[in-house]
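A.B. asks: Sequence:
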Amino acid sequence: MTSCFVEHRLPSGLRVVCEVMPRVRSAAVAFYVRTGARHEAPHEHGVSHFLEHMCFKGTPRRSWHDINVRFDELGSIYNAFTGKEHTVYYGWVPAPRLEPQLELLADMLRPSLPVADFETERNVILEEIAMSDDDFERQVSNFVHRTLFDSHPLGHEILGEKETIAALPHEVLRDYHRRRYGAASVTLLAAGALEPEAVFAAAGRYCGHWDRGNGAPPAAVPVPPLPTGMRKYRLERFKQHTVALVYPSVPQGHAEEETVEALTALLGGPNSRCYWNIVQKGICTHAGATWIAYADCGYLALYADGEPDRCEAMLAALREQAEEVTRAGFREDEVQRVRNRRRTQVALESESPRTRLMQLIDDLESRGYPRTPAARLAAVEAVSRETLAAYLARYPITGPGLLLSCGPRDWPN
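The numbering of the sequence shown is the numbering used here, which starts it at 644 and goes up by one.
No lab work stands behind these hints: they were computed from the structure. Among these hints, one or two may not hold up.
[What the hints assert, rightly or not] Cβ-Cβ distance ranges computed for the label pairs, FRET-style:
hint, residue 1, residue 2, range
1, P870, V767, 30 to 38 angstroms
2, V758, R652, 30 to 38 angstroms
3, N711, G847, 24 to 32 angstroms
4, T763, D715, 17 to 25 angstroms
5, N722, Q988, 15 to 23 angstroms
[Unchecked claim] Only pairs whose alpha carbons sit at most 27 angstroms apart, straight line, appear in this in silico BS3-like list of lysine-lysine:
hint, residue 1, residue 2
6, K882, K924
7, K805, K875
8, K805, K882
9, K727, K805
10, K875, K727
11, K700, K727
12, K924, K805
13, K924, K875
Think of the CB as a built atom: it goes at the ideal place given N, C-alpha and C, for glycine as much as any other residue.
Assemble the whole structure, with the sequences as input and the hints as a guide.
C.D. replies: Right, here's the structure in full:
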């Protein structure tokens, strides 16, 4: 027996998506809120992440202590996270405890937002921002987004800036929750050993009273064109340096998504071109490719991390690998290895209710509908030397690109 989807929508607009997984003994539930850093006004930067924190700080029915104890009583594996375009709250429990887990999360999404805890969490987040300043990878990621998107909402950091968090009024947080957490902006997902009708009934009991809200995020601001030339960000306190080349690619949910995933694996990771031809030759410590993709834009970045005095060699090595795969393509055996790894990854994710929820959220965000594990595997199987070559013909990685330099060296100069 295979898994199946069943959907329902409450009168308030809350969408409920269930996947029955008959061979498991647990179940996971998540509330996927269609709001994130991208939907914040400049004076609100960081409010989505701030609100995620505050949803754990108490409700009209529970204190923060009650919430934490209840998760433990349920034996839940739980968490929440904020992205550029969404906020997610989830819990994974033995199947008989699915309804109480749903009730707890539903209660949390209607927080009391106490002022005293608001000030405490403000300090926690300011410390989180300070700690991120010491994280080189985060510095690089923020630099890349600032460069690609400039003043566009995708360009600012999920945590917010020190200035916006320090000045954020409590009323702004409360108003953001009212505007962005309406029932029509939220999807409830459940996967595992469950009865869909029981989930629908529980959703009605615990979420049926929610205000509808407007159901739609603010109108998307057009993404600026990819900059050209070179940008550098000097960070003298670090010892490593990152060199990157950025090119246009496809957005999330595109038909060529799995081809891009395969391309990044072929260029970076175990037994990849960059590993054997750059890292193993001692040119740098890490090298590969990453896909930066959102609902309406996508970029492919080739990167290398290493000693600051190796920048020239790292850049030359990246360009050499890009030119080689564009000219000669990939061998069938290496494409098959990547398909094998991706097939295993998709299959394993499909066997865990928690990771299956993450797949469903990805599908709903990028496509608007969930895909079965079989559909995901079919997309993996469709990747070939020919689809990779066709992608590189449409989205070349051999031109000048956007050159990024981040680290202690003032390079290029």
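A.B. asks: Any hints from earlier that this structure breaks? Give me their numbers in increasing order, please.
C.D. replies: Per hint list: single violation, 12.
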